[in-house]
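Same order as they appear, the protein sequences are chains G and V.
Note that my numbering gives residue 110 to position 101 of the first sequence, counting from 1, and the numbers run on in steps of one.
Note that my numbering gives residue 40 to position 37 of the second sequence, counting from 1, and the numbers run on in steps of one.
Please note: incorrect hints may appear among the correct ones.
[Said to hold, decoys possible] Sample of chain G residues lacking proximity to chain V, with all beta carbon distances greater than 12 Å (derived): (1) Lys78; (2) Pro88; (3) Gly111; (4) Thr122; (5) His124.
[As the list claims (entries may be wrong)] A few chain G residues facing chain V, derived, Cβ under 10 Å: (6) Leu55; (7) Leu65; (8) Lys67; (9) Ala101.
[Stated by the list, open to error] DEER-style ranges, computed between Cβ atoms: (10) V/Pro64 / G/Thr14: 25 to 31 Å; (11) G/Ser35 / V/Ser30: 34 to 40 Å; (12) V/Pro65 / G/Lys77: 26 to 32 Å; (13) G/Leu29 / V/Arg66: 23 to 29 Å; (14) G/Ala26 / V/Pro73: 14 to 20 Å; (15) G/Gln117 / V/Arg60: 35 to 41 Å; (16) V/Gln44 / G/Gly62: 46 to 52 Å.
If you're looking for bench data, these hints aren't it; they were derived computationally from the structure.
Just so you know, even glycine gets a beta-carbon here, dropped at the ideal spot from N, CA and C.
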Amino acid sequence: AQSVTQLGSHVSVSEGALVLLRCNYSSSVPPYLFWYVQYPNQGLQLLLKYTTGATLVKGINGFEAEFKKSETSFHLTKPSAHMSDAAEYFCAVSNAGGTSYGKLTFGQGTILTVHP
Amino acid sequence: ETGVTQSPTHLIKTRGQQVTLRCSSQSGHNTVSWYQQALGQGPQFIFQYYREEENGRGNFPPRFSGLQFPNYSSELNVNALELDDSALYLCASSSDRVLGNTEAFFGQGTRLTVV
């Protein structure tokens, strides 16, 4: 079984401030971890993913995330927020094996608001 | 633009009716997954199709069914619609079943309202 918990349904930051969106996961086998962004009335766009290897993953638009196995976390960060980052962000988990390798399990989402 | 096209974009149906949603996958992709995203929630996995065969199913009743065609496009059918079926339905296509090996590209979704 696999699950994702995103801490904080809403996060508000000022333009130029650090963005930190939290994600914890549960998986019975080694996970693949993903962050997606969703703009209003649109589908999901992949920001970054962790599969194996380097635990610090860099993605598009200046975002990065660090896989911490001991903490079962995969938090998303960006050093300096832009107005265009305002959107909803989803953390998701899939597995390399078992019965869930084709399935993404998503968290509830975090809405990021960026103030001028 | 992801190359994944869903139709229609919006749909209103009456409780008890049946609906068919369509997804055209990105060129070269042989895998299509369907997700239901209720308002204010994360997407929930419905099922995945790989080379015209169902390749995994989430916790959805049998009235949710699907099909994948030889060109890898796909349909999602929902029978006996209920009010709780109102949601955004997302289709994702990929070149591999194992999502760690590839990227799943999502369409813009079909917004289904059941009244």
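Okay, the hints, checked on the actual structure:
At roughly 16 Å, the least C-beta separation between G/Lys78 and chain V is larger than 12 Å, which holds for a residue marked as non-interface. Annotated as non-interface, G/Pro88 keeps its C-beta farther than 12 Å from every C-beta of chain V; the closest such distance is 25 Å. Listed as outside the interface, G/Gly111 is inconsistent with that label: its C-beta sits roughly 4 Å from the nearest C-beta of chain V, within the 12 Å cut-off. The beta carbon of G/Thr122 is kept farther than 12 Å from every beta carbon of chain V, the shortest such distance being approximately 15 Å.
With a minimum CB-CB distance of about 22 Å to chain V, G/His124 clears the 12 Å threshold, and the non-interface call stands. Evaluation of the G/Leu55 hint against chain V yields a held restraint, the C-beta minimum of about 5 Å falling below 10 Å. For G/Leu65, the suggested interface contact is broken, since its CB lies about 17 Å from the closest CB of chain V, more than 10 Å. For G/Lys67, the interface hint is violated, since its Cβ never comes within 10 Å of a Cβ in chain V; the closest pair sits about 15 Å apart.
Given the 10 Å rule on beta carbons, the hint for G/Ala101 holds: about 8 Å separates it from the nearest Cβ of chain V. Between V/Pro64 and G/Thr14 the beta carbon distance is about 26 Å. The supplied range of 25 to 31 Å therefore holds. Here the CB-CB span from G/Ser35 to V/Ser30 is close to 36 Å, well matched to the stated 34 to 40 Å. At roughly 40 Å, the beta-carbon separation of V/Pro65 and G/Lys77 lies outside the given 26 to 32 Å, and the hint is violated.
A hinted range of 23 to 29 Å for the beta carbons of G/Leu29 and V/Arg66 is inconsistent with their spacing of about 41 Å. A C-beta distance of roughly 51 Å is found between G/Ala26 and V/Pro73, which places it outside the suggested range of 14 to 20 Å. The given range of 35 to 41 Å is broken by G/Gln117 and V/Arg60, whose C-beta atoms sit roughly 22 Å from each other. The given range of 46 to 52 Å is broken by V/Gln44 and G/Gly62, whose C-beta atoms sit roughly 32 Å from each other.
When each numbered hint is compared with the structure, violations occur for hints 3, 7, 8, 12, 13, 14, 15 and 16.
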